[in-house]
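> Sequence:
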Amino acid sequence: MYIHGYYYNRLEEKISVYILIRGDRSEKVEIGGDGSGITFSDDPVEITSQVNDTFDHLLCSQASIRLLCKNYIKEFFSGSCRDAVVNIYRGTKCLFAGYIEPQTFSQGYNECEDEVELTCVDALSALQYSKYKNVGSPLVLYNKVKAEAQQRTFHDIVMDILNGVMDGIDILGGHDKPLYYDGSKYVAAEKDKQYSILQDISISELLFLGDEEDDVWTQEDVLTEILRYLNLHIRQDGLSLYLFSWETIRSGKSHQWHNLKGVDNLFIDPKILDITTSIVADCDTQISVAETYNQLKLTADVKEMENVVKSPLDSDALCNAFLGMQKYMTEYASDGEGKRAYNGFSELVGHGGTSYDAGSVVDWYVQVRKCQDWRFYGAKKKDLVKDLCQGSNQQDAVNYLGTVPGASMLLSVGSVKKTSGGQDNSLVSKISMTDYLVISVNGNGKDGESEFYPNDSDLLEAIPCAEYVGNEVGGVFSPSDGNTTNYIVISGKMVMNPLMRMTANYYDLKNKPWVSGIIGKPNEVYVWHNTVPSRNNGDGRYYTRRYWKTKSWRNEVVSDDAMDKKNDGGFMPFTGEGPQEFEFKYSAFGDSTDKLSKVGVIQCMLIIGDKCVVEKRPGQFLGSDKVAGTGNGQLSDYVWMKYKTREECSSDDEYYQQSFSVGFDPKIGDKIIGTEFSIQNNLRYTDSVDADGTAIPVRMTDKVHGAVKFIILGPVNSVWEEITRRHPTAFRHTKWSSNTKPILSHVSDILLEELEIKVVSDHGKVGSDGAENDLIYLSDTKEDFVNTKDDLEMKITTALTSEECKTLGVKNGISLSAPLNVVTELSLLGIYNRSNGELAKPEQHYVNDYWQEWHEPRVVMEQNLMDEHGNVSPFDLYRHPAIGKTFHVQGISYNLTSGTAQMTIKEIF
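If you read the sequence shown in the UniProt record's numbering, its first letter stands for residue 1, the second for the next number, and so on.
A couple of the hints might just be wrong.
[Said to hold, decoys possible] Label-pair ranges, simulated between beta-carbon atoms: (1) Q390 / E524: 36 to 44 angstroms; (2) R554 / G619: 32 to 40 angstroms; (3) S64 / S315: 41 to 49 angstroms; (4) E654 / S315: 33 to 41 angstroms; (5) V823 / S64: 45 to 53 angstroms; (6) T277 / A189: 25 to 33 angstroms; (7) V823 / G33: 55 to 63 angstroms; (8) S651 / D215: 51 to 59 angstroms; (9) N71 / Q199: 45 to 53 angstroms; (10) D561 / N134: 51 to 59 angstroms; (11) N134 / N787: 17 to 25 angstroms; (12) D561 / E524: 47 to 55 angstroms; (13) N537 / L141: 53 to 61 angstroms.
No lab work stands behind these hints, which were simulated from the structure alone. Using N, Cα and C, we set each Cβ at its ideal position, and we do this for glycine too.
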């Protein structure tokens with residue numbers, strides 16, 4: 001519905017009202033028109049300032065439209081804020097553009113003509129009703145918005161918000177909607193930077209999106225916090241917006257305002273007007289003294305970053321891909337090689353228990369888990385959770401791990417071990433489950449160069465095996481000074497799980513006659529002395545596995561004959577009792593013989609913004625780094641390089657060398673396969689970092705900032721030849737010799753436990769005694785009585801150098817709330833204030849500017865002035881001859897019927 005009309009006020013000015021509901025012009029109603037049933041009341045239109053004081057950054061206004069209606073008009077009720085657009089004109093100038101306030105309309109039924117008052121909010125006020133990026137609106141999903149969040153300039157953020165709320169607000173059409181900026185703040189004192197501060201500062205959108213959907217900031221919050229940080233204010237005048245500092249208004253100087261949305265700049269030449277009887281509308285002047293604060297306390301709400309990416313094993317992020325766990329496999333083992341062990345094994349297979357005391361039965365339980373921030377892939381980048389986890393036949397998803405190398409899955413694994421030959425029938429009240437990230441390998445146990453599996457091409461085809469698709473953090477990772485180093489630390493546990501060879505598969509053992517000779521008939525199975533390695537008995541053990549299946553985890557499991565017939569395949573949990581292979585002596589990267597301490601297990605890519613982590617080869621120099629690589633995971637081995645896409649690289653080798661390995665640090669004599677290790681720690685106590693794990697340094701000169709992308713490419717194709725070697729390209733192997741043994745060929749799968757990827761700082765090595773202290777900016781005062789304004793807070797916070805942290809007694813962490821200086825690609829440390837010519841932190845400018853205004857009593861006056869043909873301006877100054885003071889305009893309210901403006905003006909100091 002399109003409703004419009006006009007009337008003439010006491011000054012014979014034409015006042016026009018336009019209301020467009022849901023953009024529908026098919027039904028037109030003229031206010032006061034024949035048969036419309038709608039007329040103007042005696043006092044039809046009023047525009048009221050909603051400004052409380054100069055601490056407000058959005059200087060909003062509200063309009064009241066009073067109509068007499070014969071019938072109920074349901075269209076006046078707005079379900080959402082932007083359903084009904086309202087424009088109010090005086091002559092040809094738009095004085096108000098906004099919306100009918102949502103869910104507030106009411107209309108009486110008692111009179112022939114009921115007076116209806118439409119409360120309207122301007123565009124700035126309307127921002128309170130919309131979340132950032134319109135999260136929660138139809139088809140706007142929180143998870144999708146968060147996943148796409150990035151580092152954006154203040155300009156892009158502000159323009160998105162203002163363009164969105166101003167879109168469609170011009171009912172008549174054809175008018176510009178400029179945003180004028182006074183150029184009062186800029187990132188450097190150069191003249192050419194005067195109007196570009198919004199383009200020169202960026203911040204991570206994740207700050208506004210919170211940890212969950214309920215935490216998303218409103219668009220009003222986002223705009224307010226950006227303006228508070230810069231100590232700027234925005235006022236709407238019809239279809240125009242003005243961005244300014246109070247210092248510009250108080251100066252009373254003529255000034256060029258730059259249109260941030262175009263080239264038509266605006267020159268404003270303020271006037272100084274005496275408040276005399278010739279311009280006042282009445283004698284109803286109100287004079288008061290504003291409250292005085294001789295101390296201002298500004299708290300910086302620093303949003304620290306902890307996780308670089310949310311771990312797929314984070315208990316808060318994990319959920320079940322299937323509703324319950326189920327028994328997946330049973331191990332039967334009989335330690336020893338002689339007749340007692342043989343007979344015990346026969347009893348285990350035949351009856352599930354034995355009187356042989358060295359026999360055991362272990363039931364393994366699994367449950368597939370998922371994490372919405374991660375994707376886990378199989379062959380041809382098959383999404384395993386999406387494709388295999390449909391609520392039934394959970395064992396099929398788990399068994400898939402045994403079919404291809406490089407497949408990944410989250411599994412919760414637990415076991416119940418029955419000792420005393422499996423005859424222990426005590427009740428188990430709870431099964432302890434452990435969460436793992438499992439990466440399949442499925443080696444074939446062969447060592448020949450043309451025989452081993454998986455080979456180079458198998459591993460290349462399997463890339464990637466897992467990928468972080470969430471958006472945990474962004475922002476600035478590089479520290480703000482050269483004395484500080486930040487670190488991305490990868491920690492957890494990992495094991496290269498051995499192949500678990502069986503005496504024979506369970507189906508054959510159960511259904512075929514046992515013979516003692518190797519050469520048997522097809523329907524016979526060889527068992528006698530056919531043992532496999534045991535950690536408890538030097539003669540080995542008789543061993544087999546039985547698999548189970550069920551359509552629903554609620555149902556009883558039954559034998560999985562198809563799996564029982566296999567000699568390998570399926571998922572193999574880490575039992576801690578399988579073979580241990582390849583004794584560690586020392587390791588070498590490439591074909592070098594450097595002695596190393598790291599055995600690479602998985603290869604990863606970490607991309608932040610346009611930079612990626614590259615691990616240097618031994619002797620290699622990269623970028624501006626003057627330290628040669630060692631290949632053993634030392635801090636100096638990791639550098640940040642410009643990331644190149646696959647299309648920008650000449651080969652797979654070039655592309656995938658933009659990566660680094662994560663492995664463990666074995667001691668001489670440790671067995672590489674079959675032993676659980678902690679992820680390598682390359683931090684020393686002298687690094688002043690409270691963390692353990694593989695640390696990747698991030699320095700100021702690295703200029704690392706932006707959204708984070710983390711990919712697990714797959715297993716590292718290392719070989720063993722008395723020493724451990726690996727190729728610069730993870731999926732390739734080094735040169736072959738007669739003694740070379742491919743490690744992955746002897747691995748069933750790789751299990752990661754307690755994986756975390758965090759970001760920490762050395763705090764400039766000045767300590768972190770202020771770890772629990774809030775960051776507070778406080779104005780100085782020498783008065784005996786202190787009236788403190790302590791409700792001031794900034795949610796966008798400036799980074800600190802290590803020396804500043806030491807002085808302030810706070811820690812120098814990595815903050816999501818810290819903006820980036822786009823020009824330098826470093827943390828923003830200060831901005832230039834034109835009014836005082838100083839370069840300082842925005843928080844310091846804020847405290848100083850407001851202290852100057854509020855530390856002494858200031859007169860605030862409310863005065864009605866005649867507003868004929870728009871002669872009242874928010875940029876003019878007003879002088880009161882009787883009290884000898886000059887005032888600036890804080891807010892203006894208009895009574896368009898009487899042609900007056902109520903001015904709220906404050907004393908200039």
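> Next step is simple, just say for each hint if it's right about the structure.
A quick look at each hint next to the structure:
Between Q390 and E524 the Cβ separation comes to about 41 angstroms, which falls inside the hinted range of 36 to 44 angstroms. Range check, R554 to G619: Cβ separation about 60 angstroms, and the 32 to 40 angstroms hint is violated. The given range of 41 to 49 angstroms is broken by S64 and S315, whose C-beta atoms sit roughly 53 angstroms from each other. In this structure, E654 and S315 meet the distance hint of 33 to 41 angstroms, their C-beta atoms being roughly 39 angstroms apart.
Taking the beta carbon of each, V823 and S64 are about 46 angstroms apart, inside 45 to 53 angstroms as hinted. The given range of 25 to 33 angstroms is broken by T277 and A189, whose C-beta atoms sit roughly 46 angstroms from each other. At roughly 58 angstroms, the beta carbons of V823 and G33 sit within the given window of 55 to 63 angstroms. At roughly 44 angstroms, the beta carbons of S651 and D215 sit outside the given window of 51 to 59 angstroms.
Under the hint 45 to 53 angstroms, the C-beta atoms of N71 and Q199, about 52 angstroms apart, fit the expected range. The given range of 51 to 59 angstroms is respected by D561 and N134, whose C-beta atoms sit roughly 55 angstroms from each other. Range check, N134 to N787: Cβ separation about 42 angstroms, and the 17 to 25 angstroms hint is violated. The beta-carbon spacing between D561 and E524, approximately 19 angstroms, falls outside the hinted interval of 47 to 55 angstroms.
Here the CB-CB span from N537 to L141 is close to 57 angstroms, well matched to the stated 53 to 61 angstroms.
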